[in-house]
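Engineer: Dock chain F against the given chain X, drawing on the hints supplied.
Residue strings, one per chain:
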Amino acid sequence: MTVSAQVKQTAATLKSAQANLASFALSTGNQQARELYDNAAQVTQEIVESLQLRVRELEEEEPQYRAP
Amino acid sequence: MPTWVHIVYHSVVSLVYLFLLTKLIGKRQLSQLTFFEYIIGITIGSIASSVAIDKEDFLDGTIAMGIYALLPILFELIALKSQRFRNFVEGKGRVLIKNGKVLERNLRKERMTIDDLMQQLRMKNAFKVADVEFALMEPNGRLSVLKISDRQPLTAKQLGLKVLPEAEPQVVVMDGHLVEQSLKTKGLDRHWLLGELEKQGVRLEDVFYAETDERGGLYIDLYEDEGVVQQMKTMQMTHVQLRKCQADLELFALDTNDERMKSVYAQEAKRLDELLRELTPYLNPQSGRSIRKAVEATT
Chain X
1 MTVSAQVKQT
11 AATLKSAQAN
21 LASFALSTGN
31 QQARELYDNA
41 AQVTQEIVES
51 LQLRVRELEE
61 EEPQYRAP
Chain F
69 MPTWVHIVYH
79 SVVSLVYLFL
89 LTKLIGKRQL
99 SQLTFFEYII
109 GITIGSIASS
119 VAIDKEDFLD
129 GTIAMGIYAL
139 LPILFELIAL
149 KSQRFRNFVE
159 GKGRVLIKNG
169 KVLERNLRKE
179 RMTIDDLMQQ
189 LRMKNAFKVA
199 DVEFALMEPN
209 GRLSVLKISD
219 RQPLTAKQLG
229 LKVLPEAEPQ
239 VVVMDGHLVE
249 QSLKTKGLDR
259 HWLLGELEKQ
269 GVRLEDVFYA
279 ETDERGGLYI
289 DLYEDEGVVQ
299 QMKTMQMTHV
309 QLRKCQADLE
319 LFALDTNDER
329 MKSVYAQEAK
339 RLDELLRELT
349 PYLNPQSGRS
359 IRKAVEATT
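Top line first, the protein sequences correspond to chains X and F. Counting from 1, one number per residue, gives the positions in the first sequence under the working numbering. Counting from 69, one number per residue, gives the positions in the second sequence under the working numbering.
Any given hint might turn out to be false.
Said to hold, decoys possible - Once the Cα atoms are required to be at most 27 Å apart in a straight line, the calculated BS3-like pairs of lysine-lysine come out as:
#1 X:K15 x F:K301
#2 X:K15 x F:K330
#3 X:K15 x F:K312
#4 F:K338 x X:K15
#5 F:K225 x F:K192
#6 F:K95 x F:K166
#7 F:K149 x X:K8
Hint data in this document are derived by calculation from the structure and do not stem from the laboratory.
Isolated chain X, as found in the complex (with noise of 0.2 Å):
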């Protein structure tokens, strides 16, 4: 697997589990828990995007390995 492909496969990972901290903290009853969840997933969108960034400029130095 190529480098661009494991950063991108990190990052579909972090989305997946930031999709699930913002339902987790929509479904919770305690204001604490519900601060914290949204804080996660917000610090999560930042690092997945960060990561994504990445990704881009990783094709661009290896467009041989762009998936198609």
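Structural biologist: Below, chain F without anything else, positioned relative to chain X:
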């Protein structure tokens, strides 16, 4: 005095009196082992009702109720001492099937038809006379049935199986509340219970009922049988995903030669690590000791 005052007064007195008498007679009456006991219960009840309603019979009725309650007790006390008296008062059972043969003469003495007998046998799960070794009509009118030996349910002993001795179960969580007393009887404490709950991945507040079993384990019933467990699983899965991503990021940081990217990866890995530290108590309470305190705090 108006009539209704009489009735209120009589009803209350007869109710209290009836209550005291039934306490005196005790549980035996309830089992109605003999026809006599069955009739006595009905009679006392009907006298009590006439005491409550009739204006004149108040004293007479209470005396009659007392006699109907005390005389059977006297009979029972005598029956304890004398076998002959016991046979006379309480009656004896009558054998209806012996060695697999129906005793027609005894059947006739009980004024039972073969249909009555078959009905009673069926209620004891014996659908064929051929399955029955011995049947006895008890004094209370019910039939006791002994099936022939090869039609009896198989037991572990016959198979030579070793089975765990039964231990009386203890209810340790009831309606979501911990029962300290029964934990103590088992020589356990709340730390053990919370530990067991953690092992099974549930929180105390989600448990409706829990009991110990003979192996020293715990059987749990949850308020929301499917939902909670499903949510717990999703939470654990999310926790694992986040940890994997965090590890990936650290790996990328080590792998890359690009200094700028190295620092970006390392920074994101650190952020995720901090996040995980905060989330762990919520997503995966089994890992991490501090959670036990959180669970205890909520109880």
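Engineer: Could you tell me which of the hints above the structure violates, numbers in ascending order?
Structural biologist: Those not satisfied are hints 6 and 7.
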